[in-house]
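Undergrad: What follows is the residue order along each chain.
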Amino acid sequence: MSKSTLLITVAFIVSIGVSVFSVNTDTDYGALKKQLKVSHILHKPDKKLPDFALIDHNEQPYNNAHLKDQWTLLTFIYTHCPDVCPTVLMDMASIKMGLESAELKVIPELVAITFDPKRDTPKVLKTYVTHFDKDFIGISGDQAQIDQLIKPFGTYYERLIEVNGESIIIPNGTKLPEGVKNYSINHTAWMYLLSPDGQIFAGFPTPHKPNAIAKDIELIINNY
Amino acid sequence: MTIQNLFSLKYIAILFVSLVISNLTFAMEHNHSMHHQSTSLEVHNPWVRSAPPNAPMLGAFMQIKNNTNNTIKLLSAQAKGYQRVELHRTLNHGGMMKMLKQDFMPIEANNNLHLKPGSWHIMLIEPGSVPEEGDMVMIKLTFDNGFTQTIRAIVRKGKMMMNHHHAH
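The listed protein sequences correspond, in order, to chains H and F.
Letter 117 of the first sequence, counting from 1, is numbered 117 in our numbering, and no numbers are missing.
Letter 160 of the second sequence, counting from 1, is numbered 160 in our numbering, and no numbers are missing.
Everything labelled a hint here was simulated from the structure, so no lab data went into it.
Among the hints, erroneous ones may be present.
[As the list claims (entries may be wrong)] The list that follows gives simulated cross-link-like pairs (lysine to aspartate or glutamate, EDC-like), each with its CA atoms no further than 20 Å apart: (1) F/Lys98 to H/Glu103; (2) H/Lys175 to F/Glu133; (3) H/Lys134 to H/Glu166; (4) H/Lys33 to H/Glu158; (5) F/Lys101 to H/Asp147; (6) F/Lys98 to H/Glu218; (7) F/Lys65 to F/Glu132; (8) F/Lys157 to H/Asp135; (9) F/Lys157 to F/Asp144; (10) H/Lys134 to F/Glu86; (11) H/Lys181 to H/Glu166; (12) F/Lys98 to H/Asp51.
[To be verified] Computed far set for chain H versus chain F, every beta-carbon distance over 12 Å: (13) Pro61; (14) Asp83; (15) Leu89; (16) Gly154; (17) Glu162.
In this text, all values refer to a predicted model and were calculated from it rather than measured experimentally.
A virtual CB, placed ideally from N, CA and C, is assigned to each residue, including glycine.
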């Protein structure tokens, strides 16, 4: 074997070794993590979303099966939110527009699940969320199911009622006192990207930078 | 076209339009209320964020400039066609977005208070009908120095406008 043939053979073997090595060791998406600017990888193969059965803004069932075989960009809102939620929904619409313009082959579905199904019926949500993007899907349903579903996302909310000029916090899972109609909600406002296996893949904390998030989503989808 | 280019173009376009609108709005406002406007306070770029037709709440934003040597407080805001108007501030407490009702908004001496999404804002509660993009919302501001001013806030999309002018 000549020297050059030996060198090429060695280089070939090394390159195969490197590629196999990198495939095998990157199941935690370490290389991807390094490239991401504004995302937290939340991918945990052994931690699955609980089964849930909610209802979409067309009054159709919405459950785990809907998250399968597609990418989903999801957040939690309430429509009586004057500041934070409209900003998040607008940012999500901007992200989708950015991904469409970048001609990404797979565009995540935009989903907003309400913290507040009592006031946010499917009909209310439909009018509200489609204002931001015609393809937005609003999700309502049973309060207890929603309270269960938010846990693996690390999302949290608490309601605030005003009694004699003082704000009182009603934690989630606790019923509102009888007769209380006006309340606001303190809440976390992350966006989440769910992968086609129907599981949480990444999260985007506030404040959101739509162009940076769009770039990260492009990287994630291309490297999944 | 890359995403970066697209967003840059979009923001340049939005910035340009907003500059034109803010100048127009300010010019109109200035002429409209010059006879009862003192130079102690100036309101710039007032706007209401366009919202879904069934939105129960709307946010109004602006910059208020205090040209005096004393802190001036914005005590209240009023707008016809809304059940209530309140002063609010959004705060990010370790990721928890909290909305806190304020008794007043302080505008520090020789400084600006920037009302913007994710921060100080005027909350327009339960509109009779939600205004559309391009509409004007009249908002009466009452300050603790006895000064009142009615401003015309344009309804538009957008956020984070004119951040580089933020001097608070």
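Undergrad: The structure should be examined with respect to each hint, and the outcome stated for every one.
TA: Structure-based check of all given hints:
A threshold of 20 Å between alpha carbons decides the hint, and for lysine 98 of chain F with glutamate 103 of chain H the separation of about 37 Å lies outside it, so the pair is violated. Proposed proximity of lysine 175 of chain H and glutamate 133 of chain F is contradicted: the alpha carbons are some 38 Å apart, above 20 Å. For the hint linking lysine 134 of chain H to glutamate 166 of chain H, the alpha-carbon distance of about 39 Å lies beyond 20 Å, and the restraint is violated. For a cut-off of 20 Å, the pair hint linking lysine 33 of chain H to glutamate 158 of chain H is broken: about 32 Å separates their Cα positions.
The hinted pair formed by lysine 101 of chain F and aspartate 147 of chain H fails the criterion: a straight-line CA distance of about 26 Å is larger than 20 Å. Restraint check for lysine 98 of chain F and glutamate 218 of chain H: the C-alpha separation of about 31 Å exceeds 20 Å, so the hint is violated. Our distance criterion of 20 Å between C-alpha atoms is broken by lysine 65 of chain F and glutamate 132 of chain F, whose separation comes to about 28 Å. Distance restraint check for lysine 157 of chain F and aspartate 135 of chain H: the Cα-Cα separation of roughly 18 Å lies within the 20 Å cut-off, and the hinted pair is therefore satisfied.
Using a Cα cut-off of 20 Å, the hinted pair lysine 157 of chain F and aspartate 144 of chain F is violated, with the two alpha carbons roughly 31 Å apart. For a cut-off of 20 Å, the pair hint linking lysine 134 of chain H to glutamate 86 of chain F is broken: about 31 Å separates their Cα positions. Restraint check for lysine 181 of chain H and glutamate 166 of chain H: the C-alpha separation of about 16 Å stays at or below 20 Å, so the hint holds. As the CA atoms of lysine 98 of chain F and aspartate 51 of chain H are separated by approximately 30 Å, the hinted pair breaks the 20 Å bound.
The claim that proline 61 of chain H lies off the interface holds: its Cβ sits roughly 24 Å from the closest Cβ of chain F, which is beyond the 12 Å cut-off. Some Cβ of chain F comes within 12 Å of the Cβ of aspartate 83 of chain H; the nearest lies about 5 Å off, and the non-interface call is violated. A beta-carbon of chain F comes within 12 Å of the beta-carbon of leucine 89 of chain H; the shortest separation is about 9 Å. With a least beta-carbon separation of about 9 Å from chain F, glycine 154 of chain H fails to lie farther than 12 Å from that chain, contradicting its non-interface assignment.
Look at glutamate 162 of chain H: its CB is around 8 Å from the nearest CB on chain F, not clear of 12 Å, so calling it non-interface is violated.
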